[in-house]
Structures are given as structure tokens and as C-alpha cells.
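Visitor: Protein sequence lines correspond, in order, to chains A and B.
Heads up, the first sequence is in my numbering, so the first residue is 1 and it goes up one at a time.
Heads up, the second sequence is in my numbering, so the first residue is 280 and it goes up one at a time.
Keep in mind that the hints were calculated from the coordinates and are not lab data.
Any given hint could be a false lead.
What the hints assert, rightly or not - Cβ-Cβ distance ranges computed for the label pairs, FRET-style:
#1 B/D602 <-> A/D261: 12 to 22 Å
#2 B/A572 <-> A/E240: 32 to 42 Å
#3 A/T211 <-> B/E548: 25 to 35 Å
#4 A/A45 <-> B/R541: 50 to 60 Å
Unchecked claim - Capping the alpha-carbon separation at 25 Å, the derived lysine to aspartate or glutamate pairs in DMTMM-like fashion look like this:
#5 B/K512 <-> B/E555
#6 A/K157 <-> B/E601
#7 A/K259 <-> B/D602
#8 B/K556 <-> A/E64
#9 A/K139 <-> B/E569
#10 B/K556 <-> B/D348
#11 A/K218 <-> B/E569
#12 B/K556 <-> B/D360
#13 A/K59 <-> B/D562
#14 B/K512 <-> B/E559
As the list claims (entries may be wrong) - Where chain B lies over chain A, by a calculated footprint (3+ residues, C-beta under 8 Å):
#15 52-63
#16 71-85
#17 129-139
#18 161-167
#19 247-261
Remember, it's a predicted structure, so these values are computed and weren't measured experimentally.
Every residue gets a Cβ at the ideal spot worked out from N, C-alpha and C, and that includes glycine.
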Amino acid sequence: MCLSRSSFAIFAAVICQYAVVVAPAQADSPKDPMNSPMWEDMREAFIGDASYQFDPRVKVIVPEVVENQAQVPVTVDARSLPGVQKIVVFADLNPLPHTLTLSPTAAAPFISFRLKVEQATPVRAAVLTEDGTWHVGGKFLSAAGGGCSSPAMARNKADWSLTVGNTRGRAWRQADGLARFRMTIKHPMDTGLAKGNIPAFYIDNVMVRATSGKVLAKVEMREPVSEDPTLTLMVRLPAEDRAIQVDSHDIDGNEFSSKIDVGWKQSQLNTRELQEMHP
Amino acid sequence: MKRRASDEVFVGPWFDRRKLLQSAGLAAGLAFLPMFQVDAAPLRYGLKPLQLDAGVWMLAGVDEAISSDNGGAIANITIFDTKDGAVVVDTGPSKRYGLELDAIARQLTGKPVARVLLTHFHPDHVFGCQAFASEALAAPQGVVEGLKQSGEDFASAMYYLAGDWMRGTEVVLPAKAIVSGHEDIGERRFRYVVLQGHTPCDLAIFDERSGILVAGDLAFLDRAPTTPHADLKDWHASLKQLGEAQFSRLVPGHGPSEKDRRGLVQTGEWLSMIEEKITEAFDRGLSMTEAMAIPLPSWAEKIALSRYEFGRSVMHLYPKLEDALWPRVDTRSN
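Isolated chain A, as found in the complex (with noise of 0.2 Å):
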């Protein structure tokens, strides 16, 4: 009996398909230690053919209990690894993977931010060297379900646009010489997937400049990033500066601007202090 073009076509895919699925995972595909069914996607998604490895060197720190879905702290810590260039965070599970990508430019590769997810879900860090080797490291987040299709907490204030941009924030010198700084801009966040036809509306982009303008840190935000983002980042400001600058914009071209005074002591912060500077 002779195959058919189809038939024939079918057999070619299923045996290209087990030369390049298969034969790379023994070659020098490393196995998810995680074994996500969603890795192959994440990977295809975020890294492409590029070369990786599964590195404890990139730490993704989470908490070993989530009571709010929509608020989940997560740390990503690489400053073990030399000549990082591009730290791209995603959950598997969730429904919009991609997380946020930070580029260290003049900083350290390490970012905490707070993270929505929609049910438990491995978060990962592939971080990319120098060499253009990938490094991902991940930590499983056991967690409740609900935190992207929940609406953002703004909604349920009639106001909500007033405050929108508002930031707080501070800074500290630290003994290593670089500058920490910690902020927290006011924005819904909105992931689009909330009930009530709600279209995604979230910062998209946040720069942080030196007084010079020089680009010191990049942060690209997508939906799953908490409503109200909350930020700590480390960079090499020139010693002569006083003050991150951080501007940012939504994806509706609304931008915000920030200035974080660095002259700040540390342990000497009360609360009277602040009302007198800001009353």
C-alpha cells in the first residue's frame, strides 16, 4: 500500500518532531526541575533556541503562605551571577505569564516587586550573561486562586483617577555604595481579565536616571505586577548625586515622574519628622 501525501507529511512531522524535541532533551536540554507542564511553552516564549541552564545562582524568593492573591511579595535576587544583562521574570501558570524584565544597566541584578497570580504556579527568573547564556532559577508559589481576575482595588473607589501617579517613596546609601531605593506608585494595574469589561491599563515602562540623565535601571511592567507597584531596586548612582530620578509611563501615555532624595539616614525616620517635611 503506498502512503499518502498526507500520511506521509504526518509521519515527517512526528518524526521531525521527536529530533528536535527529543534529541536536544538528552543532548544539553536541561530538565525543569519544577516540571511544569508549561515549561516548553515558557522556554519557547522567553528564551528561544538561545542556550540555558537550571542555575541556583538566581534566586526567586517567595512566601510559604499567600492569604492575598493580588498582593504576592517576590524577590529575584542574581547578584551571584557575573555580567547579567536582562532579568526576565514570568509565573507558568498564570494567565499572562510575563511578569516584568528588568535590565541592570547600572544596578544590581535584583529587583523586589509584588506579583498578582491567578492560582498556584511556579515564578521563575531566566536572567541572561554576557556570554548569552541563560540562567533560571524558580521557587513554586502555593497560593489560592483569583488575583488577576480580580478587580483592582481603586475600582471600588469612585476617585480612584485623582490619585493615579502619586508615589511614595525612599532611599538609602548603602555601605556596598550603591543606592537602594523603595517606591510605590498609585495605578490600578488592571490585567483586562477582571469581570465587567475593565481593558488592561498598567505601567508599562519606569526609568531610573541618574541627575546626569544616564540610564541607571529599565523596568518593563506587564499586567500580572500588583496593583500599585511596589518597587526596591539597587543602583550605582554617581556619588555626587542627591536624588533617583524615576519617571514612568502607563500604556494609555500617562507619565509620571519621581525624584527619591538619597540624603536620608537610616533608623532616624519618625513619623513627626515626615509631617513637618510633607505636612
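Chain B: place on chain A using the hints.
Guide: What follows is chain B alone, placed relative to chain A:
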């Protein structure tokens, strides 16, 4: 988003147990769920009453986090015998627990349950209510409001954490509202003190006959206090008020019942400690996950679930500190 249709069968820990357990298609689904454990014997809490006084018993919760091993039975439950029937304080984490509690109360007192009192709206204390007549259920209005607002979310979280133990459990709102004052049930006079701090509404109950004070979750002992709805200042004030009372024995919400005030003292010390540690970490610029890892004093590290609850408290308190202590830095505020 890329999502394979076949994801539906990857159930490992990634599925909504509440929907699953409530769905009629469970039996059909099981064929595709090889990792789902089916116990041959029905789950049983096997509650063991501990007598505290004549006609007073406690069902001790385990000093663990809510899990599918313990079925959420982590809180202490108190049973009083009266001529008019049993009085039960708190109902446990699930319908199944409530049914076992009802049976034990009847067995111990030889009477049906006349009154069920809820100390606060947290799920480990209120989800056994389905086992009791609705007219027997009583709580301060603030507890009812809390259940109305958060009951459904609590139920989902409990189904996720405790799994099959929660089967059939639903939110029940108490019919009778309690205010501060007293109520005579049979020969016992119960004094109700409506306080706040652990949650926006916490009920403490004092039985004059035995001298036993049931403090609900205003007091923890040798098990770290939880803070998801806490106001630390109010909590300290409530502890002070309870500390001024004379009582023969304290029943904390979690941990052993003792004749002294150690539960009140330790709870106050824990709350002061976490506030100091968390504020200090915040002031140093640590992010939440970094703050969760800082060392605690050795006395605190020895308390059951200290790291677990400290981590939770960091998540509870940090956003409040960020709001209260950070200055505005956006350029338009200048």
C-alpha cells in the same frame, strides 16, 4: 496566552478544590485525576475533650498551620454544660468538624446544644456552624459583618488549604446579635465583652460559675499570634482590659489553657516584638521578602509557627507602613 487544552488534567496542586469538591462531575473527573487521593474511610477529626472544670471542656487545636493533614482543626473550642443545654464557643473549620462537635457536646452534657457563640469571624473558628440550629447561633454584629464581607473568600481559601475536609461547608450567618453585658443560660451567667484588635470585632466570654475566661484569638499561647485583620494598638488595649479581670483559668484561641495570665502576657510581648522588628526592617529599606528572613529574639523563635506567622505579619504590616511613613516623591507633589 498559550494554554494547552490538556492543562485541565494537570491537577497536581494546581486546581480549585472547592469547585471540584462541589461539582457533580466529581466521579467522572476522578478517572482523569490519578494524583487525587481518595480515602477509603471518611475523614474524621477524632476530637478529644479535655476537662477544665466541672461541666467545662476544651477541644484543643493543633499548633500547626491549616493543612489537608489537620483539616483546619487548629483553634480551641470550649463546651459548657448548663441545665438548659450545652453552650459551645466557636465551631471549628468545617461542616464535618461542626457535626463532630455537636455529637461530642451532646455526649458530654446529655443535652442538645442551646447556644453557640462565635468569638470572631476567622474561618478556623466559624465554619462548623452548619451543624447547629440557626436560632442557637449568636455573635456580635461586627462578627456577622465580617462574615458577610469575607466569608466566601475564606471558604475558597479553606477549600484550597484543607481540601476534602471542607466538603459541603458553607458560610452561615448567626441570627442573634450579642452586645457587651451578660446572659444567663441555665445556672450559668456568661459575661460578654465585645472588644477589638485581633479583628475589628472580638468577643471574650467569662463564665462566672467556673471563673473561666474564653479569650478567643485575643490570646495565643506558645503558638504565634496571627495578624491578618489586626490593629495592634487596639489589640494591646484589649489585652490590658482582659488583664485587669479576675479569672481562674484562661482559654486562649490557640495553645494550652492555663490557670495564669501567661497567654495574655505572651501575646502582648509578641505583638510588641513584631511591631519593633518589622518597623526596624522597614526603616532599613528591606523589601517584604528580605524582612521575612530577619532573625527574631530566641524566646520568640521557640514559639510554634513563629517564622510562618512573622512572615504573614510582614505582609500585613508593610503596606500600612509604606502608606504612613514614606514621603510623596512624585514631581507634581512639589
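Visitor: Does each hint fit the structure? Answer for all of them.
Guide: Tested hints:
Restraint check, B/D602 to A/D261: a C-beta distance of roughly 19 Å satisfies the suggested window 12 to 22 Å. About 33 Å separates the C-beta atoms of B/A572 and A/E240, a value consistent with the hinted range of 32 to 42 Å. Distance hint for A/T211 and B/E548: a CB-CB separation of about 47 Å, inconsistent with the stated range 25 to 35 Å. For the hinted restraint 50 to 60 Å between A/A45 and B/R541, the CB-CB distance of approximately 55 Å keeps it satisfied.
Distance hint between B/K512 and B/E555 is fulfilled; the C-alpha atoms sit about 13 Å from each other, no more than 25 Å. With a C-alpha separation of about 20 Å, the suggested pair A/K157 and B/E601 falls inside the 25 Å cut-off, and the hint holds. Only pairs whose Cα atoms come within 25 Å are accepted, and A/K259 paired with B/D602 is accepted, the gap being roughly 17 Å. Distance restraint check for B/K556 and A/E64: the Cα-Cα separation of roughly 19 Å lies within the 25 Å cut-off, and the hinted pair is therefore satisfied.
Taken as a hint, the A/K139 and B/E569 pair is honoured in the structure, with Cα atoms around 16 Å apart against an allowance of 25 Å. Restraint check: the Cα-Cα separation between B/K556 and B/D348 comes to about 32 Å, which exceeds 25 Å; the hinted pair is violated. Note on A/K218 and B/E569: the hinted pairing holds, with a Cα-Cα distance of about 22 Å set against a maximum of 25 Å. At most 25 Å may separate the alpha-carbon atoms for a hinted pair to count; B/K556 and B/D360 exceed this at roughly 44 Å.
In summary, the hint linking A/K59 to B/D562 is supported, as the alpha carbons are separated by about 24 Å, within the 25 Å threshold. Proposed proximity of B/K512 and B/E559 is supported: the alpha carbons are some 18 Å apart, at most 25 Å. Under a criterion of three residues with beta carbons nearer than 8 Å to beta carbons of chain B, the stated coverage of the stretch 52-63 of chain A is upheld, 3 such residues being counted. Beta-carbon proximity to chain B at under 8 Å applies to 4 residues in the stretch 71-85 of chain A; the threshold of 3 is reached and the given coverage holds.
Requiring three or more residues with a Cβ within less than 8 Å of a Cβ of chain B, the coverage given for the stretch 129-139 of chain A is violated, as only 0 such residues are present. Remark: the stretch 161-167 of chain A is confirmed as covered by chain B, as 3 of its residues place a Cβ nearer than 8 Å to a Cβ of that chain, reaching the required three. Here the stretch 247-261 of chain A counts 6 residues with a CB under 8 Å from a CB of chain B, which clears the bar of 3, and the coverage holds.
Checked against the numbered hints above, the structure breaks hints 3, 10, 12 and 17 and satisfies the rest.
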